[in-house]
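Colleague: Keeping the supplied structure of chain A fixed, place chains B and C upon it in accordance with the hints.
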Amino acid sequence: MRTWDRRRSTLLLLIAAGAALLAVSVAGGLLTEQAMATDFSRRDLAPCWGYPFGTDWMGRDMLARTLAGLSLSIRIGVLTAGISAAVALILGTVCAISGGWADAAVSWVIDLVMGIPHILLIILISIACGRGLWGVTAGVALSHWTSLARVVRGEVLQLHQAPYLRMARKLGVSQGKLLRLHLLPHLLPQLLAGLILQFPHAILHEASVTFLGFGLSPEQPAIGIVLEESMGYLALGRWWLALFPGLSLVLVVALFALLGERARLLLSPASAQG
Amino acid sequence: MILEARDLTFRYPRRGSPPILEGAGFSLRSGERLGLSAPSGLGKTTLCKLLAGLEAPERGQILLDGIPLSRYRGFCPVQLLWQHPDAAVDPLLRLRATLEEAGPVDPAVLEGLGIRESWLERYPAELSGGELQRICIARALRPGLRFLLCDEISAMLDLIGQAQIWQFLLDQAQARGLGLLVVSHDDALLEQVCGRAIGWDALMS
Amino acid sequence: MTPILTAESLSVSFTRYGRGLSRVELPGIRDLSLTADPGQVTAVVGSSGSGKSLLAHAVLGILPRNSRMEGTLLYDGAPLSPRRAAALRGREIVLVPQGAGCLDPMMQVGPQIRRGRRGPEVRTQCRQALERYGLGPETETLYPFQLSGGMARRVLIASAVMEGPRLVVADEPTPGLDARAAGRLLSHFRELADQGAGVLFITHDLELALTVAHKVVVLYAGQTVEEVPAEGFRTEKGLAHPYSQALWRAMPRNGFQVLPGLQPEGLDLPEGCAFAPRCPGRRPECGRGQIPYIETDGGRARCLFPGEVSVS
Chain A
685 MRTWDRRRST
695 LLLLIAAGAA
705 LLAVSVAGGL
715 LTEQAMATDF
725 SRRDLAPCWG
735 YPFGTDWMGR
745 DMLARTLAGL
755 SLSIRIGVLT
765 AGISAAVALI
775 LGTVCAISGG
785 WADAAVSWVI
795 DLVMGIPHIL
805 LIILISIACG
815 RGLWGVTAGV
825 ALSHWTSLAR
835 VVRGEVLQLH
845 QAPYLRMARK
855 LGVSQGKLLR
865 LHLLPHLLPQ
875 LLAGLILQFP
885 HAILHEASVT
895 FLGFGLSPEQ
905 PAIGIVLEES
915 MGYLALGRWW
925 LALFPGLSLV
935 LVVALFALLG
945 ERARLLLSPA
955 SAQG
Chain B
2 MILEARDLTF
12 RYPRRGSPPI
22 LEGAGFSLRS
32 GERLGLSAPS
42 GLGKTTLCKL
52 LAGLEAPERG
62 QILLDGIPLS
72 RYRGFCPVQL
82 LWQHPDAAVD
92 PLLRLRATLE
102 EAGPVDPAVL
112 EGLGIRESWL
122 ERYPAELSGG
132 ELQRICIARA
142 LRPGLRFLLC
152 DEISAMLDLI
162 GQAQIWQFLL
172 DQAQARGLGL
182 LVVSHDDALL
192 EQVCGRAIGW
202 DALMS
Chain C
249 MTPILTAESL
259 SVSFTRYGRG
269 LSRVELPGIR
279 DLSLTADPGQ
289 VTAVVGSSGS
299 GKSLLAHAVL
309 GILPRNSRME
319 GTLLYDGAPL
329 SPRRAAALRG
339 REIVLVPQGA
349 GCLDPMMQVG
359 PQIRRGRRGP
369 EVRTQCRQAL
379 ERYGLGPETE
389 TLYPFQLSGG
399 MARRVLIASA
409 VMEGPRLVVA
419 DEPTPGLDAR
429 AAGRLLSHFR
439 ELADQGAGVL
449 FITHDLELAL
459 TVAHKVVVLY
469 AGQTVEEVPA
479 EGFRTEKGLA
489 HPYSQALWRA
499 MPRNGFQVLP
509 GLQPEGLDLP
519 EGCAFAPRCP
529 GRRPECGRGQ
539 IPYIETDGGR
549 ARCLFPGEVS
559 VS
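Protein chains in written order, with my numbering: chain A, 685 to 958; chain B, 2 to 206; chain C, 249 to 560.
Here chain A stands alone, though its shape is the one from the complex (with noise of 0.2 Å):
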């Protein structure tokens, strides 16, 4: 008898990285007026009791910065990391349905999106949009879906040739059944793996972008502003201001990429944990 229980851990872990990542989109949400308040009698204080994560050159709480920062990033991500699923999803399956030529126009744009380094693509599409949120979600929702729809259209070629979809289909299984009953559960672990670990990288990119200044506006607490902003007081030894937004900026990241790795292993059905 095995006293540790492999499912039953990352499921448990599952549980805890969602509800922390969870945690710091609410908490955040919440404090975006807090992060906003300037207050000049608290400037510049390093890391003390009250306030853990220090306060910046307008005395603004850094705590409050980054949870917000870290929140609208978050919710970015969910946005954008969805957008891209359901392109990919749509357009993989379309690819690989009707073949000929909406195949080859779907295919070649794919390899044209791919083509061009992500981060030129997305502030391409988030100057022509107009910047802002709008912007950055646009840039980075619509330069992520190629990767992920190529796997969706590759699968669903494969599961084309399976006998048993032949067999459906001589069983006069009609073509919304077939869609539902054998392609989407195939699909799904695939889709939602990609997904998530989409995630990382749509909040990775929406930082940048701001950095660089091309994203959103700086009076909006998003965590690649608080960086960018941060970058000017390094030299006068202000290091809570980039440290702590920095490195919780790499701890969302990760706890993504575990998500992802964890919904993986539970969802394939080859690592059914005997």
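One or more hints might be untrue.
[Claimed, not checked] Label pairs and their calculated CB-CB ranges:
1. A:710 - B:57: 52 to 60 Å
2. C:364 - B:118: 47 to 55 Å
3. B:75 - C:483: 25 to 33 Å
4. A:816 - B:88: 50 to 58 Å
5. B:108 - C:256: 42 to 50 Å
6. B:18 - C:432: 39 to 47 Å
7. B:192 - A:774: 49 to 57 Å
8. C:369 - B:19: 38 to 46 Å
9. C:338 - A:800: 51 to 59 Å
10. C:338 - B:19: 37 to 45 Å
11. B:196 - C:314: 46 to 54 Å
[Stated by the list, open to error] Every beta carbon over 10 Å from chain B, so not counted as near; a handful from chain C, in silico:
12. 310
13. 316
14. 318
15. 363
16. 368
17. 383
18. 400
19. 428
20. 477
21. 486
22. 509
23. 531
24. 536
25. 544
Since the hints were derived computationally from the structure, they do not count as laboratory data.
All figures in this text were calculated on a predicted structure; none of them were measured in a lab.
By construction, the Cβ of each residue, glycine as well, lies at the ideal position given by its N, Cα and C atoms.
Modeller: Coordinates of chains B and C only, in the frame set by chain A:
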């Protein structure tokens, strides 16, 4: 009804590979039981796939009462039972969904094939080849079925299981007037099951 | 002569995930006994779910981690612990698996048979092993996808027997082969036995097993129900257990007779004789307690009223 194949030619799409079938002809009537005995590697499985419409021939036609099989919509009156039933069921689907994918199945069929209710809650990896084969048979035995192609279907079964499912299939074939094509390397089995048996060479000529 | 392998009241059970997080303990083998002698082919015959593959895994010491083994397993007269099995497998105890799927698709046949060992004597040994099964030296440079089904199986045997094993375990080595190819393959097992090795031939195909086996062990629901010399299967009278007799009658050439019902599985095993619910000669005593072995002509059977069953 009559299932006919005319001038069937098929090769796998690999450059320069010789045809597996060339100019094969075949006919099977309702109520008839035809045994086909041949060593492996000659294309028996390919022939079955072609006759069931699962592969398209390079040349030639498969006709059901003179109408090309590919024109039939919905449930195909010609069904194939595979030698390896694990390939013919979706690994991610509980077997109840697999069994009923084309519609509800007559409880008498489940009873006759000895399919346990508990199997239907499981996934294919949790059942043996013989158990999966029983489910595949039940799935194929729909009212619209006219011809059943059996490609070594009892190779995965023990002797008693083999006798059980053949007895059941023969009863069904009798009652519904099905045409059966039975492919096996076991001549004693073909003798028990089929009215007439032919060799591969006879089929090709 | 000491048997090369002895199993006495062997049982293997394993825990498995049920729905969600629940776990169940399932018996695989319940009470399996057999002896395999050197120089003989011992066929272990049972339908799927009778626990025959678990036996192979137990002998090789490769049962999954969530399993538990009880009872006695002796190799060459001494207990075969998983550690001892690990030390012996690949050399004295070898497995011939099912098919080409067990070969590494990315590796040429030669290096795969040599298992990473180098040197001129290993090369000759390898070449001889291939030659013995009618495979030329050019086979060494082929990849598994270039082999036909029959060739792949011969490669698997060559690979298994290169070092002169004392016990060969073959787990369903024939599915997908036609009668002639299967017959050729089985003659190789017979040959190994003639050279002194013990061969444990695990299969569901009784008719095929009878073409090579010296002895047949019949399994039903994880239990040995009868151990009988292969000649016992010539006539129905040579068999003591009603399940073996039903197997005999179900052969296409012996009447193709159907025995209704299914082998009990997992947790719904009946008390007493597992076969009793389907047995035409069942009596009340069959449903109680342990059924002991009785000696039969050259073998043993686990039945209270052997040979008394008559079928109309």
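Colleague: Hint by hint, say whether it matches the structure.
Modeller: Outcome of the hint check:
no. : hint                      : result
1   : A:710 - B:57: 52 to 60 Å  : holds (57 Å)
2   : C:364 - B:118: 47 to 55 Å : holds (50 Å)
3   : B:75 - C:483: 25 to 33 Å  : violated (52 Å)
4   : A:816 - B:88: 50 to 58 Å  : holds (53 Å)
5   : B:108 - C:256: 42 to 50 Å : holds (44 Å)
6   : B:18 - C:432: 39 to 47 Å  : violated (26 Å)
7   : B:192 - A:774: 49 to 57 Å : holds (56 Å)
8   : C:369 - B:19: 38 to 46 Å  : holds (42 Å)
9   : C:338 - A:800: 51 to 59 Å : holds (53 Å)
10  : C:338 - B:19: 37 to 45 Å  : holds (40 Å)
11  : B:196 - C:314: 46 to 54 Å : holds (50 Å)
12  : 310                       : holds (19 Å)
13  : 316                       : holds (20 Å)
14  : 318                       : holds (24 Å)
15  : 363                       : holds (30 Å)
16  : 368                       : holds (37 Å)
17  : 383                       : holds (18 Å)
18  : 400                       : holds (13 Å)
19  : 428                       : violated (6 Å)
20  : 477                       : holds (19 Å)
21  : 486                       : holds (16 Å)
22  : 509                       : violated (7 Å)
23  : 531                       : holds (22 Å)
24  : 536                       : holds (25 Å)
25  : 544                       : holds (21 Å)
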